[in-house]
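In order, the protein sequence lines correspond to chains B and L.
Following UniProt numbering, the numbering of the first sequence begins with 1 at its first residue and continues without gaps.
Following UniProt numbering, the numbering of the second sequence begins with 1 at its first residue and continues without gaps.
I should point out that these hints are in silico values taken from the structure, not numbers from a laboratory.
Don't be surprised by glycine CBs; every beta carbon is placed ideally from N, CA and C.
Check the hints yourself; a few may be wrong.
To give an idea of the interface, some chain L residues facing chain B are shown, with a C-beta separation under 10 Å as derived from the structure [stated by the list, open to error]: (1) 76; (2) 89; (3) 110; (4) 111; (5) 151; (6) 259; (7) 419; (8) 486; (9) 492.
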Amino acid sequence: MKSLLVYLKDYKKESILGPLFKLLEASFELFVPLVMAAIIDNGIGNQDSFYIIKMCFIMILLGIIGLICSITAQYFAAKASIGFATKLRHSLFSHIQGFSFSDMDTLGNSTLITRMTSDINQVQSGVNLVLRLFLRSPFVVFGAMIMAFTINREAAYIFVCAIPFLSLVVFGIMLFNIPLFRKVQMNLDRVLGITRENLTGVRVIRAFNKEQEERQQFENYNKALTKIQMFAGRISALMNPFTYVIVNAAIIALIWKGAIQVNLGIITRGEVVALVNYMSQILVELVKLANLIITVTKALACAKRIETIFEVESSEKNIDLLSDSLENEVHSETENYITFSHVGFRYKGASEEALTDISFEVKRGQTIGIIGGTGSGKSSLVHLLPRFYEVTNGEIILDGRKLSDYSLAELRAKIGIVMQKAVLFKGTIRENVCWGKKEATDKEMEEALTISQAKEFVDGKKEGMEFKLEQGGRNLSGGQRQRLTIARALIKKPEILILDDSASALDFATDAKLRHSIRTMKERPTIFIVSQRAASIQSADQILVLEDGKLVGVGNHDKLLKECLVYQEIYYSQFPKEEVTA
Amino acid sequence: MNQTEKKAQKETIKKVLNYIKPYSIYVLFSIILASVTVILTLYAPILIGKAIDFIVGKENVKFDAIFLILKQLGVIIICTAVAQWIMNLCNNKITYSVIRDMRAEAFNKIEILPLSYIDSHSSGELVSRVIADVDQFADGLLMGFTQLFTGVITILGTLFFMFSINVWITLVVVIITPVSLLVAAFIAKRTYSMFRLQSETRGEQTAFIDEMVGNLKVVKAFGHEKEAIEKFDAINEKLEKYSLRATFFSSITNPATRFVNSLVYTAVGISGAFAGIYGIITIGNLSCFLSYANQYTKPFNEISGVITELQNALACAARIFELIEEEPEVPDYLEAPENIVLQGNVLLEDVSFSYSKEKKLIEHFDLNVKAGQRIAIVGPTGCGKTTLINLLMRFYDIDSGEIKLDGNNMNRLKRKDVRSSIGMVLQDTWLKIGTVRENIIMGKPDATDEEIKKAAKATGAHNFIKRLPNAYNTIIGEDGGNLSQGQKQLLCITRVLLLSPPMLILDEATSSIDTRTELMIQEAFHKLMEGRTSFIVAHRLSTIREADVILVMKDGMIIEQGTHFELLKKNGFYKNLYDSQFANV
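Please model the complete structure; the sequences and the hints are all you need to start from.
Written as structure tokens, this is what we have:
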């Protein structure tokens with residue numbers, strides 16, 4: 001939590017004034033029983049109507065001042081806590097935007113999303129409550145005790161005894177219940193898990209006739225949940241009766257003690273009434289404090305989780321363009337556009353390399369096919385080019401410069417990538433495609449859509465390019481989404497185009513058309529096509545065959561078919577021999 | 001609230017009461033104990049007041065009388081505490097039992113809901129009904145029992161006791177109270193719209209975070225970080241504005257009502273004091289009144305909160321009931337034969353089916369498949385190939401016509417028998433949370449370790465399973481968790497292989513596995529398909545060329561039907577599709 005407190009810095013004034021006003025309000029509240037005691041003793045005792053009216057005005061005045069103080073306090077608390085959360089959210093979001101691919105792999109998207117949303121909200125309400133109540137409740141409890149001391153020392157000792165007892169009960173039950181609530185949550189998660197499973201896996205469960213067993217399982221989980229809920233409930237149910245007994249026992253003691261003191265003429269009857277009132281006030285505040293502590297513990301846990309995200313430093317290395325690296329640019333005027341030399345790559349935390357000793361050369365404008373089994377390292381290889389991941393061995397030269405000498409922005413501007421998963425965003429088709437180029441003209445849009453084979457279906461929509469996509473592009477089919485992601489990459493007019501298995505949702509006919517139209521583009525980029533379909537890469541200038549992260553074959557289709565065993569296997573598994581020769 | 005909403009709410013309340021009915025004995029206890037608690041709680045201040053009346057001044061204190069009263073007070077306090085505790089236990093019992101029953105019923109309904117319902121609702125939404133809504137409902141119910149009920153009794157009891165002590169001062173209290181309610185209602189009304197704005201904006205922000213953080217890799221690939229942050233900040237600022245208002249205004253409620261309370265307190269003080277001067281009431285009674293004044297206004301403040309909470313709870317209950325009352329699948333035909341063993345002859349006669357009335361899909365479709373035949377279903381993306389699977393598994397019921405299995409009308413067989421005779425491998429690999437073993441034996445819970453291993457070896461899954469930390473006892477997380485898509489697929493195939501059913505449905509089963517692994521699986525499948533009726537959906541035309549019948553689908557309809565060579569000769573859509581695979585562009 002400590003490191004998050006900097007976001008409260010701009011709200012120093014509010015964070016100090018808020019609790020302060022709250023304390024003011026509480027002090028005024030503490031005066032009320034005293035005023036009442038005065039009314040009883042002086043007003044009624046001396047039959048002084050004027051005094052009574054005067055005192056009542058004082059009480060109303062105390063009330064009004066209390067109201068003003070408390071509203072001011074609430075305002076400051078709200079302002080500070082919400083400003084805090086807003087700043088925190090902004091900087092966490094920016095921090096996350098700076099993460100590299102490796103960071104994201106280790107942290108996981110869903111974790112980041114929870115931190116951004118519910119965790120921050122939880123911290124916000126924690127801060128708000130702390131500013132409002134954390135000082136107030138203990139203040140009232142001890143204030144009441146001190147007021148009791150001002151009335152009568154002997155009677156006040158009863159307060160001194162009762163408060164620890166009350167605290168013991170309230171906090172004891174609470175402490176006992178916190179782990180119980182965690183258990184309740186765990187049981188609830190199990191019930192949630194099985195419910196979700198039965199919805200997402202409904203087809204499989206029904207196909208295997210598992211309904212009866214699932215029901216049985218659910219019943220077990222449900223019963224276990226109910227049992228622990230009832231147990232926790234039974235413990236919390238003790239809170240009210242226990243505190244009630246303690247407070248009233250204290251009141252009995254107060255009356256008895258008070259009676260003795262009054263008899264001795266040390267205190268008045270009104271003061272006894274005041275003492276009883278103070279005792280009742282304490283109870284209310286302790287219960288509030290207990291609830292507050294539960295919220296604060298939760299908020300602290302959330303704050304801690306948020307902090308761990310902040311502690312993750314982005315592993316993205318972004319070099320500012322140094323002048324000498326620019327001079328280096330022309331260090332070799334080779335005809336090779338891209339050179340991989342002995343490139344090795346290992347994912348963070350992995351024990352084995354995902355890519356080992358990869359070397360090959362690419363000329364400008366070539367089409368490179370990459371093929372291999374699942375997990376052979378095809379995607380890893382193309383992810384090295386935009387430096388989504390940094391090579392751990394060897395080096396990559398792009399256009400005569402080491403890849404690591406480019407700034408990320410410069411490098412990524414050169415590359416258009418279409419990823420395996422077709423991701424689109426809420427907004428119109430135009431907005432989505434414009435991710436590639438912000439101020440794309442209609443003509444450019446049309447061109448990109450035509451090449452990516454998306455034009456036909458976009459034109460089919462009544463709204464055309466203004467067709468609104470729902471979140472994640474849900475309202476399009478997988479193939480349509482994929483074509484739009486291709487258009488998005490094409491409109492960039494990239495020097496290098498990477499298609500990472502991005503035609504998997506397209507049928508063969510569309511896939512073929514797509515490849516044809518990319519091939520006939522005016523300013524043809526250097527193209528990398530990752531695929532499992534031999535047909536998709538068959539006609540590439542160079543085909544890289546990967547197996548277990550190693551390059552086991554480089555060459556064109558005919559060469560590989562003759563020389564590369566792995567390629568032959570792949571190819572003939574898709575095009576049985578007799579068919580090809582026929 | 002308009003008339004129909006009111007009526008709907010009444011209906012919901014009726015249904016809730018039905019759920020509470022089995023626990024009415026606890027409800028009765030709860031009511032009795034609540035009344036006891038309240039009356040005793042209210043009686044205590046009277047005793048305290050009496051005791052104070054015996055404390056008059058110096059050397060004017062009646063200790064005997066006070067001692068007697070305090071003894072009574074002690075007994076009453078103990079009784080109150082015990083009654084309150086038992087009442088709490090009753091309320092707990094009622095609430096948690098009721099929601100347990102509701103959850104169970106909701107889940108049981110999920111198990112028999114037609115697929116059409118589940119397909120058309122997001123699983124998240126349905127889960128939230130069973131979990132979040134039920135929880136919210138429990139909170140409301142518990143609050144209703146503990147606070148609303150005791151609150152009402154407290155108000156009535158206090159009024160009764162106050163009137164019995166002094167009518168005039170009581171009237172003063174009664175007149176001022178509505179002010180507190182008005183203030184609370186006034187603020188609540190103002191804050192409601194602000195809360196709505198806040199939650200709308202919060203929703204907008206969450207959706208945005210979901211997109212941008214969830215797909216951060218794409219954001220980075222397009223260097224879109226700055227725009228994302230800018231847009232985020234815009235929403236964030238909006239949220240700050242609305243949140244501040246909502247939080248501030250809602251937090252005014254407390255001080256405001258507290259102020260009104262202090263007015264009531266003062267009013268009691270002033271009128272009580274004057275009454276005291278004229279000897280109408282005693283000091284003890286005044287102190288009693290003062291504590292009543294505190295107790296009396298509190299339930300009013302709480303009740304307004306409880307009522308919103310209850311309304312919320314009712315809304316949740318209504319959503320749960322909506323699920324519980326949803327029309328289930330047509331039950332199995334009553335006279336369906338027991339434990340029928342199917343051979344795998346499938347006959348579709350004049351079958352028509354569509355998901356919605358407006359869009360016709362399959363019409364008057366005939367297909368005759370003999371046991372052991374292989375049927376391939378092909379067609380471009382999104383042509384509705386899965387529809388046929390939905391019908392064969394009886395996930396959906398056909399609109400007209402007949403599907404006959406070994407001459408039996410499918411609708412007259414038990415779903416269990418139909419489904420257990422079909423092995424299914426779907427495009428979306430789905431595994432349950434549990435061990436690898438548990439997932440494999442899904443169709444055959446009594447399989448021996450030998451059988452499991454044999455099946456896994458046949459599909460090639462054994463190779464990766466043995467490398468897992470705990471081999472067959474490795475726990476797989478939600479949605480397959482740590483396994484690759486291909487590995488998940490292999491497990492799904494092993495699951496079916498172990499079951500060894502007479503019919504198979506393979507829905508693009510191999511699309512996510514690389515071709516070499518696929519080759520391995522295909523060998524296993526070849527063995528499996530021997531003598532079994534199989535329906536195969538796949539993009540790879542080469543894998544289905546050997547099919548006995550090929551169904552070519554487009555736009556949800558079956559447009560061509562025949563063998564590979566027949567269809568090629570036909571020179572139609574299939575020919576087109578087939579050629580494109582070899583088109584060297």
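Open item on the list: Flag every earlier hint the structure violates by its number, smallest first.
Closed with: Hint 5 is the one this structure does not satisfy, whereas the remaining hints hold.
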